[in-house]
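Asks: Throw the hints in and build the complete structure from the sequences for me.
Just so you know, the protein sequences line up as chains C and B, in that order. Counting from 1, position 232 in the first sequence corresponds to residue 231 in numbering that gives the first Met the number 0; the numbering is continuous, with no gaps. Counting from 1, position 154 in the second sequence corresponds to residue 153 in numbering that gives the first Met the number 0; the numbering is continuous, with no gaps.
These are calculated hints, taken from the structure and not from any lab test. Predicted model only: the values in this text are computed from it and were never measured. Check the hints yourself; a few may be wrong.
Output of the computed footprint for chain B on chain C, the stretches with three or more beta carbons under 8 Å from beta carbons of chain B [to be verified]:
id : stretch
1  : 198-206
2  : 210-222
Some chain C residues flagged as far from chain B (calculated, every beta-carbon gap over 10 Å) [stated by the list, open to error]:
id : residue
3  : Trp25
4  : Ile29
5  : Pro68
6  : His149
7  : Ala183
8  : Leu242
9  : Leu267
10 : Leu296
In this text, a Cβ means the ideal position worked out from N, Cα and C, and glycines have one as well.
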Amino acid sequence: MKLPASATAADRRLLPEGRLAGPMPWVIAIMMFLTALAGAAGLGIGAAAVELRQGLGERLTVQIVEANPDTRNAQARAALRTLSKLPEVKLATRVGDAEITRMLAPWFGAGGLGEDVPIPALIDVSLTPEGIDHGDMIAGALARVAPAAHVDNTSEWLGPLARLMHGLALLAAGIVLLMMGATAAAVVLAARGALNTHRATIDTLHLLGATDVQVARLFQRRIALDALFGGGIGFLAGILVILLLGAEISRVGSALLGVGHLPPAAWLLIAILPFLAMALATVTARITVVNALRQML
Amino acid sequence: MQFEEVGLRYGADAETLVDVSFTLEEGGFYFLTGPSGAGKTSLLKMLYLAQRPTRGKISMFGQEVTGLARDRLPGFRRRIGVVFQDFRLLSHLTVFDNIALPLRVAGVEEHDLQAPVREMLAWVGLAQRAEARPATLSGGEQQRVAIARAVIARPEILVADEPTGNVDPEMAARLLHLFDALNKLGTTLVVATHDLHLLSRVSRAQMMRLDRGRLSDPTGSLRYPPRSA
Ligand SMILES: Nc1ncnc2c1ncn2[C@@H]1O[C@H](COP(=O)(O)OP(=O)(O)O)[C@@H](O)[C@H]1O
Ligand SMILES: [Mg+2]
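Replies: Below, the structure written as structure tokens:
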């Protein structure tokens with residue numbers, strides 16, 4: 000009496016033992032290595048960009064530099080009114096003079112600047128997430144009601160940086176997709192090669208009454224295992240590099256680039272990559288093989 | 000099993016088979032003879048559904064199969080056993096696994112196929128070679144493996160293409176005896192051969208003769224040697 004599992008073992012013997020797909024597992028290994036790197040970079044940069052925008056990008060400071068205190072206060076009030084009406088602005092508050100004096104103390108001493116040196120009015124603005132990239136528009140709106148207003152626009156430099164990081168993250172996502180496409184192409188080529196190599200076996204199986212599904216299953220399983228093998232190797236190499244690079248980046252102290260401490264969700268995404276590759280290889284192999292078998296009699 | 004006005008053309012050449020019509024009786028024993036190149040293998044290929052005719056109609060098991068959908072072919076093929084002219088043994092499989100192939104394809108459980116395969120191995124005298132690879136066998140032994148594989152799933156029709164081409168006369172006689180036994184168990188036999196000695200050995204066999212693509216005795220009533228002029 001044999002175990003039921005031996006039926007599939009016998010099934011597996013229908014094709015010659017050993018690797019089916021030639022160099023395909025290694026091509027997939029390289030692809031998976033690059034995919035893991037691109038994925039980690041993309042997710043890391045993406046997470047850093049979000050952090051950056053949320054941490055710094057949602058704030059904006061308006062200074063009203065005007066020697067005449069009455070004009071200064073009038074413009075400050077006008078600026079506050081205008082700001083509070085803008086949909087991009089979550090909250091606009093004037094920083095009190097006492098606070099300003101306290102902030103300046105380290106530079107000018109506890110006595111402050113004295114009565115004759117004018118202190119600019121400061122308005123602290125929090126923006127809605129949508130408002131982050133609209134610093135210029137806000138400055139334009141203020142210029143009309145408060146000519147002396149000067150917008151210290153963090154988004155002026157943060158915007159391009161955030162856009163760059165966003166672009167890099169998108170690029171990484173694009174690379175991951177291209178790698179998936181290239182993996183599928185490698186599987187198609189390998190499956191066709193394997194079909195050609197085993198054409199005589201397939202014809203014989205067909206003539207003995209094997210169905211396309213039975214034949215396809217043989218190839219599909221082998222190719223899936225080969226893909227998992229290649230994907231696993233590439234993945235491990237990729238993870239190793241990510242960890243080493245991450246450690247280096249943390250050591251440099253580039254907190255700005257949050258890479259190196261990927262969020263758990265990102266790790267999870269990266270961890271499913273080899274299985275995604277195996278699923279992709281299985282489906283691609285099945286479609287390729289079944290399509291090819293349909294051309295036979 | 001019926002051929003009606005069947006024609007077969009490979010590529011743009013002249014027809015390899017022309018107007019072939021015949022009916023095979025269930026349980027009959029048929030020899031298909033003719034010189035090399037006459038089209039015997041081509042005719043058998045259509046019979047075991049490895050080749051579709053260019054024209055005409057083929058029916059078997061009470062159904063027309065000429066334009067049968069691909070996914071319906073396996074069901075028919077499993078009812079036909081074939082001894083291929085070139086054996087088509089799978090070189091990476093042992094003798095045992097080659098013979099077990101039709102049963103595995105049909106989904107027979109592993110523990111259910113051990114006994115029939117062992118029995119078949121003994122029947123063709125290869126019990127000692129169960130674990131050997133085909134490449135290590137003699138031509139005659141390979142032929143017997145091919146025959147064992149063709150009959151293991153108890154096909155309703157057994158088609159054999161030159162099954163004695165590679166064996167000495169003694170083995171040819173033994174194989175023919177084996178076919179005879181199968182036929183007596185009810186299997187319809189179609190055996191292509193140009194070995195005229197074989198024909199006289201099965202007295203109830205009927206002969207079909209192909210010459211340059213034409214079947215000269217469509218009813219299969221002629222015997223070899225001819226009964227009378
Ligand atoms: N697949 C094929 N493609 C083209 N021509 C073929 C093919 N198979 C057989 N032929 C031709 O058909 C003719 C009959 O061949 P075959 O059926 O093998 O004859 P036999 O088995 O009687 O020797 C031969 O001329 C052969 O060259
Ligand atoms: Mg032939």
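Asks: The structure should be examined with respect to each hint, and the outcome stated for every one.
Replies: Hints, verified against the model:
Residue count for the stretch 198-206 of chain C with a Cβ under 8 Å from a Cβ of chain B: 7. That meets the three needed, and the coverage hint holds. Counting residues of the stretch 210-222 of chain C whose beta carbon lies closer than 8 Å to any beta carbon of chain B gives 3, which reaches the threshold of three, so the coverage claim holds. The claim that C/Trp25 is not at the interface with chain B holds, since no C-beta of that chain comes within 10 Å of its own (minimum 23 Å). At roughly 30 Å from the closest C-beta of chain B, the C-beta of C/Ile29 stays outside 10 Å, upholding its exclusion from the interface.
Under the 10 Å C-beta cut-off, the non-interface status given to C/Pro68 relative to chain B holds; the minimum distance is some 91 Å. With a least beta-carbon separation of about 77 Å from chain B, C/His149 lies farther than 10 Å from that chain, consistent with its non-interface assignment. The beta carbon of C/Ala183 is kept farther than 10 Å from every beta carbon of chain B, the shortest such distance being approximately 26 Å. Listed as outside the interface, C/Leu242 is consistent with that label: its C-beta sits roughly 42 Å from the nearest C-beta of chain B, beyond the 10 Å cut-off.
Here C/Leu267 stays apart from chain B, with its beta-carbon at least about 40 Å from theirs, past the 10 Å limit. Its beta-carbon lying about 7 Å from the closest one in chain B, C/Leu296 breaks the requirement of being farther than 10 Å from that chain.
In summary, the one numbered hint that this structure violates is 10.
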